[in-house]
Amino acid sequence: MDDGLGALLNREMGISFQREPALIAYLTCGDPDLAASREIALAAIDAGADVIELGVPFSDPVADGPVIQRASERALRQGTTLEKVLKLGAELRKKSKAGLIIFSYLNPILRMGLAQFAAAAQQAGLDGVLTTDMPVEEAGEYLDEMRKRGLATVFLAAPTSPDARLKQVARVSSGFVYAVSRTGITGTRRQLSENARELVQRLRKFTKLPIAVGFGISTAAQFSEVGDFADAAVVGSAIVEIIERNPGKEADSVAQFVRSLVIGRQTPSKT
Amino acid sequence: MATAKVQPRRAVPGENRNSPLGITTTGTKKHVPGRFGVYGGRYVPETLMAALEELEREYEKAKRDRGFQRRLGELLRTYAGRPTPLFFARRLTQKLGGAKIYLKREDLLHTGAHKINNCLGQGLLVERMGKHRVIAETGAGQHGVATATVCALLGFECLVYMGTEDMRRQELNVFRMRMLGAEVRGVDSGSRTLKDAINEAMRDWVTNVGTTHYLLGSVLGAHPYPTMVRDFHRVIGREARAQILKVERKLPAAIIACVGGGSNSIGIFYDFIKDKKVKFIGVEAGGRGPQLGEHAARFRGGSAGVLQGTYSYVLQDEAGQIAATHSVSAGLDYPSIGPEHAWLKDIGRAEYVSASDAEALEACTVLARTEGIIPALESAHAVAEVIKRAPGMKKSEAVIVNVSGRGDKDLGILISQLQL
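These protein sequence lines map, in sequence, to chains A and B. Residue 2 is where the first sequence starts when you use this note's numbering, and the numbers rise one by one after that. Residue 649 is where the second sequence starts when you use this note's numbering, and the numbers rise one by one after that.
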């Protein structure tokens, strides 16, 4: 396994992803249960994922499509909490150097307390955090707390964001910037939106950070297409759906899928 | 992992410095649009931010545009039926033996509730923005009906999201919306009520944001909705203030209104806000009991949190997951409350109480039999409070109850709940 994101996070300069494109794999933690999530994450890393987004299930996931909604409901029925996801993160850190990012809605983090959350995430050895419903304007204290603990703050950039907003997003992001490929909620699509390429081009003007493209990526062709114009691809709903459809053999199925995505990837392409 | 060296952070333009999550150390007292004390704000995915900014700009322009205000005023008068009467409830006053009770008759408006005030306002904004598709959420169905009505009036495509549990208990309103040409889409996730309908409407909006306006029906959600929706309902209080001064030659001692998201209550409170001697009483849904999940009294079990775009009081568990709620009235069955109410509560300007399902049902019957008015189950919560409170008030005092809607939509529930 190569060094991965974890060891290379440089909050001032950005991350140099070692493979092109890097694969960022999203999991709804606790689906089907936390022990399985741990195995799935390790299997995905072993199969070629560079970063794991540890999704914290939330009762009201307004940015998510049906696949992640269902996964969140299953995870919550298992009693999954942010605290338990952090514990899972710490276990993964002991086993792997891959990048580990908390992916959450704001309220569970707020309930724990920004400072407490940041301290716990640091202690768990996590690399960063992305909060779906936290736009730049509201992020003052959040940024301070995360930065104090050396956590990368990943923000979303959207096709609807005018340049002025992209500039702000770029300014407060660290680790990488997450470009949302299209307007809408999470979920797979047959075709990658043209918006994605254009958004990455616009975003490039404002940042040297790596840019990850997400929302709708589920095939090897889409994955390699993203590699043409961005540094990393996020795959979420496709993985969560495989977990849903393969009870009892989630980790193997996800590993197989991840291998099929990265099969044509060149390693390493830049130094 | 070692702690990185903390670099001083440059402020983000437009950053909310009195936000609970903004920089609090600067201690600035400057008013930030969209903030009510620490509450409010704009907590949505980035995809929606540009649309909220556009809406805010358009709304600010429309507010200053005399043509817009004239057209809105005319529709409120000639279409919705404003001004609504302030009615002295003589027999209820006698029965309770205390303060003089006045009813603000929002139930007499076209479509049967105050909701039309906001729908006409936002409808005209949709026209200004050149959008042609309108989506909305609805709980009791009153906002959905008002939205469908305005879309028919102005010629927009209309889609209303409604929890399947609410569709069951507010069946008549579902048919009314369809009659008006709107599509009603059932939402089967979560508790299948108002909160889940809002989630689904937000998902639609984030997907179709270029062509679609989200006509949010209460003082909830991200800025500018809580301010804008309040402004469109301020007419209730403006009228009530002039009306009570005319008949009583003094201000009322108290104003009572039910609070779901809080649009009818903030609407009637707002023009009295500087009249410090006028008590504001908001009535939440006490449901079946005090345990979490059995009621929708956010001020009795809630704590600060972010739900659906705004920072306010929220019914939630230890881990920050949103709790289930219950109320006999679909319009009050929601785990959060408008951020301005959270602020009014914290500064002590308004008092919030609750009425149980049983008290609301009883109040419905009382008002029907003393005054010949069947209120909506939501408004019946406010009536329940005046029944408790008026006897302890002086006979020289006046109290206004906002009858925010009529009870026609609730006949199904009333039939099953009351043995008449």
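Hints listed in this document are in silico derivations from the structure and should not be mistaken for laboratory results. The beta-carbon is built from N, C-alpha and C at its ideal position, and this holds for glycine as well. Errors might be hidden in some of the hints.
Stretches of chain B that chain A covers, calculated by requiring three or more beta carbons in the stretch to come under 8 Å of a beta carbon on chain A [claimed, not checked]: (1) 685-696; (2) 967-973.
Partner residues aside, some chain A positions facing chain B, computed with beta carbon under 8 Å [as the list claims (entries may be wrong)]: (3) Leu43; (4) Phe59; (5) Ser60; (6) Ala64; (7) Thr154; (8) Leu157; (9) Pro163; (10) Asp164; (11) Thr184; (12) Gly185; (13) Thr189; (14) Glu195; (15) Glu199; (16) Gln202; (17) Ala221; (18) Ala222.
Which chain A residues stay away from chain B? Per the calculated CB distances, all over 12 Å, these [stated by the list, open to error]: (19) Ala36; (20) Pro62; (21) Arg71; (22) Lys96; (23) Pro136; (24) Val181; (25) Arg183; (26) Gln192; (27) Pro211; (28) Glu242; (29) Ile243; (30) Arg246; (31) Asn247; (32) Lys250; (33) Asp253; (34) Arg266.
Against the structure, the hints come out as follows:
1. 685-696: holds (count 8)
2. 967-973: holds (count 4)
3. Leu43: With a minimum Cβ separation of about 19 Å from chain B (threshold 8 Å), the hint on leucine 43(A) is violated.
4. Phe59: 7 Å, holds
5. Ser60: Since the shortest Cβ distance to chain B is 4 Å, the answer is holds.
6. Ala64: OK, holds: alanine 64(A) within 8 Å of chain B, min 5 Å.
7. Thr154: With Cβ-Cβ at 10 Å, over 8 Å, it is violated.
8. Leu157: 4 Å, holds
9. Pro163: 6 Å, holds
10. Asp164: 11 Å, violated
11. Thr184: 5 Å, holds
12. Gly185: 4 Å, holds
13. Thr189: 14 Å, violated
14. Glu195: 14 Å, violated
15. Glu199: 15 Å, violated
16. Gln202: 17 Å, violated
17. Ala221: At 26 Å from the nearest chain B Cβ, alanine 221(A) fails the 8 Å test, so the hint is violated.
18. Ala222: At 24 Å from the nearest chain B Cβ, alanine 222(A) fails the 8 Å test, so the hint is violated.
19. Ala36: Check passes; 19 Å lies beyond 12 Å.
20. Pro62: With a cut-off of 12 Å, proline 62(A) comes too close to chain B, as the shortest Cβ separation is near 8 Å.
21. Arg71: Since the minimum Cβ distance to chain B is about 9 Å, arginine 71(A) lies within 12 Å and the statement is violated.
22. Lys96: 15 Å, holds
23. Pro136: Given a closest Cβ separation of 5 Å, the condition is violated.
24. Val181: Incorrect as stated: the minimum Cβ-Cβ distance to chain B is 6 Å, not above 12 Å.
25. Arg183: Arginine 183(A) is in fact no farther than 12 Å from some Cβ atom of chain B, at 9 Å.
26. Gln192: Glutamine 192(A) clear of chain B: closest Cβ-Cβ about 16 Å, beyond 12 Å.
27. Pro211: 18 Å, holds
28. Glu242: It holds; glutamate 242(A) is separated from chain B by about 17 Å at its closest Cβ, greater than 12 Å.
29. Ile243: 22 Å, holds
30. Arg246: Since the minimum Cβ distance to chain B is about 20 Å, arginine 246(A) lies beyond 12 Å and the statement holds.
31. Asn247: 23 Å, holds
32. Lys250: 28 Å, holds
33. Asp253: The claim holds: aspartate 253(A) sits with its nearest Cβ about 30 Å from chain B, beyond 12 Å.
34. Arg266: 27 Å, holds
In summary, the numbered hints that this structure violates are 3, 7, 10, 13, 14, 15, 16, 17, 18, 20, 21, 23, 24 and 25.
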